[in-house]
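Protein chains in written order, with our numbering: chain A, 1 to 136; chain B, 137 to 830.
Please keep in mind that the hints were generated in silico from the structure rather than gathered at the bench.
All residues carry an ideal CB built from backbone N, CA and C; glycine is no exception.
Hints may be right or wrong, so weigh each one.
[Said to hold, decoys possible] From the structure, some residues in chain A lie toward chain B, with a derived Cβ separation under 10 Å: (1) 18; (2) 35; (3) 38; (4) 40; (5) 89.
[What the hints assert, rightly or not] What the simulated footprint calls covered on chain B by chain A, stretch by stretch (three residues with Cβ under 8 Å from a Cβ of chain A suffice, anywhere in the stretch; the number is not a length): (6) 391–400; (7) 453–459; (8) 527–536; (9) 549–558.
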Amino acid sequence: MAHRGFVLIGLGGVIALVMAITVTGLSNNLTYYLYPTEAVDQKADFPDGERFRLAGLVVEGSLSEVDDALHFDVTDGGATIAVVLANTPPALFDENVPVLVEGAWAADIFEADTALIRHDENYQTPVEGNYEAPDN
Amino acid sequence: MLSFLGLAALLVALFGSILLTTRGISAARSERAQDKPQGEPKGQPEGEPEGEPLVDLKGPVWMLFSGAVVAMVAMQIGLLTDDFSLAYLANHHSSATPFPYDVATAWAALEGSILLWGVILAGFTVTVLRRHQLRPDRLGSAALAVMGGVAIFFFGLMVTVANPFEVCVQAAANGCIASSPWPFTAIEAPVNGPGPNPLLQNNYLMAIHPPMLYLGYVGLTVPFAYAIGALAIRYPGPEWLRRSHRSTLVAWSFLTIGIVLGGWWAYDVLSWGGYWAWDPVENASLMPWLVATAFLHSAIVQQRRNMLQAWNFVLVISAFALTILGTFLTRSGTINSVHSFTQSAIGPALLGFLVLVLVGSFTLFSTRAHLVSSSQRIESFVSREGAFLLNNLLLSIYAFIVLIGTTYPLILEAFTGTQVGVGEPFFNRLAVPLTFLLLLVMGFGPVTPWGHPAPELIWKRTRGPAVIGLAGGLATAVFVTRIGWVVLAVSLGLFVIGAIVGLLLEQSRRRAAKNRESLGSATKAVIATDPPFWAGQLSHVGVVMIAIGIAFAANLGAHLETSMVPGQTVTFAGHQITYESPFQEVHPNRTTRGARLSVTKGDRFVGDLEPAANFFGGGSAGVSTPDVLSGPRGDLYATLLNIDSGSATLTFDTSPLIWLLWLGGLVTAAGGILAVTTRRQERIRDDERQTVDV
């Protein structure tokens, strides 16, 4: 019986260890998805440099290129945030396209280094004006 | 017309599956009534009653199969004749879509992919029937009933929320706005459709990748059916395991090919130079693979040592449940990923089915728990069974971590409303060390005898391979790189291969000396004594190749992003790349704009690269298509980011030794297929094997 007890304790230990590693791993690697309204509301929770993903629509007429960086505004219908994107955007990037940019606040500007296009399962960008605001 | 034909075929298949379930259940019951009273169920090796089955199951199975095939044929006729009265075609097909992409459009979107699922499920049901006809038995009848039950769900989906044969009743310029399930309503067909997803028209791999993946995914229904069947008729023991093991090998081989092809396609088409991103869609295919791999190993422990039976039931049920969970995650629109699939009514249905499978299976399992427990105790942890236990523990932890990382965002959003993403570092930080531990066990396992082996024997068999591994690691560190993961991958990889080759040599030499034959014929004879074992070792070699390929490609690649004008030359990773000229090609279904580059290395011409962007009709923006130059040392990968009249913005990447990854995947799957095809001979040689493999 001592044999079985030993095995159970060992197994319990392994499970506890795996859970601990998983939970710490998760909490260190979570990226929050926020819409502009949420990002403005929770600005206190995300100090400059704290990374998160900002999801919204590129505002028409806001796109410009200054010194190899793209400047544009992202909106969810409520708040609008000015974004500076340092890297080259993906192929489908344009005005009126729903995007997911990853980066952090730098004062009142969102400095992003990655941009992703949110597309549907057909990998086609939504038709202009067909953007659905988040339900919250 | 096609809509009517398709829907009618689906209804026939649905009726066949209902009939199969009810008749299968009554067959399993009536055959039991005939059966002699059972003694200790575990001890009976082949105690199935012989003779003709009382209930005919052939009819329902063929009804299911022919219904599914006719439905698929109707879909293909529609695609080949450009019948845009079908809403599915109006939305996903275009008359300009070339062969074979028009055929593959049948599974390019949701409804069609469920249809493919149904056809493959029907095909697998036929294979279960064929084994059943060889020797009529209650286990087979019960398994067929389970197959029928799963088929009811999928064909039920197709005649309700995911009907691939809905007709278009309100057409748009390029697609269908409203559709109806009734074949004889007033049809308004568009002149043309937008065509399938542009990314699916870029590469032939996309025509084979989904069917392969589905053969693997759906194939895992078969072992599940045998497991549930065995529990339902209170008949655990070696028979369900033998059949589950065999059918899992089949499914696992296809799943391996499917996953590797998916990575290959992503690499060749998606222009980010990668093949794996821990995306929910990818994780959905990896989780059942990991669990099925665990089962392939623990099944051997039950066959040889009569241990772990309960655990094997858990693995088989989990593997199947994970395929349903994976389909739910990728098809319901619940996961907020870049892939975010559109919301559809199929989500709740899949979730309901998943809950039913889990609750039903584990309730059944717990009521039969007293039948499935194994009394055998492990003698020593330093043994083959100990290595298998460790392997199962590691693979389960692996699958668990992927599961948590994939579903955590979903759970968190359900409870708190917060949307999060789990980053790649989470998966990499845990999966990489686990993979290396698995490789370590993979080196020790096959050379460790069963039972209570002498540690000296294990040491004798592993010290040579260990020296080879260390020498290889040292050579890598001196001549190639000091990056720890790469050095470790080479060391462990050589250790595993060295152990396998060493074991083969040891047994061959012993046999050659005993029988006075040449080493070559002795080697052949040793392999022929236990082909599935050596097929498994071939899979291990494949896994080693994958690990080394990933380690090199992920750690030693170079990257450059640059703007070039025609005539300009850049030097990148020892290559001179010259931008010759821009080009434009007009195809029936797309316009391609790209940059023509020539690559030289010193004075030697290496090849041309033509990274491009494809512009499809239907108002979609350009899709970038990378171009790759492959060589024995690895790939040179070029992507076009942007092209104006003069200048082109390009990225260049190197992927050292990446071909090892693709080839390793095929070798791994080949091992699985060989293990299936040689298993029948194995049973005949059972007695001989017992004496040799120690």
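Discussion item. Quick check: do three or more residues in the segment 391–400 of chain B have a beta carbon closer than 8 Å to a beta carbon of chain A?
Written reply: violated (count 0)
Worksheet item: Measuring from the C-beta of residue 35/A to each C-beta in chain B, is the shortest one below 10 Å?
Response: holds (9 Å)
Worksheet item: Does residue 38/A meet its interface restraint, that is, does its C-beta lie within less than 10 Å of any C-beta in chain B?
Response: Because about 9 Å separates residue 38/A from the closest Cβ in chain B, which is inside the 10 Å limit, the hint holds.
Discussion item. Hint residue 40/A vs chain B: min CB-CB distance below 10 Å?
Written reply: The hint is violated - residue 40/A has no Cβ within 10 Å of chain B, the shortest such distance being about 16 Å.
Worksheet item: Are there three or more residues in the segment 549–558 of chain B whose C-beta lies closer than 8 Å to some C-beta of chain A?
Response: holds (count 6)
Worksheet item: If you look at each residue in the segment 453–459 of chain B, do at least three have a Cβ nearer than 8 Å to any Cβ of chain A?
Response: Violated: only 0 residues of the segment 453–459 of chain B have a Cβ under 8 Å from chain A.
Worksheet item: Are there at least three residues in the segment 527–536 of chain B whose beta carbon sits under 8 Å from a beta carbon of chain A?
Response: holds (count 3)
Fill in: Cut-off 10 Å, beta-carbon criterion: hint that residue 18/A touches chain B
This hint holds: residue 18/A lies near chain B, its Cβ roughly 5 Å from the closest one there, short of 10 Å.
Worksheet item: Can the hint on residue 89/A be confirmed by a CB-to-CB distance to chain B that is less than 10 Å?
Response: holds (9 Å)
The structure is inconsistent with the numbered hints 4, 6 and 7, although it conforms to all the rest.
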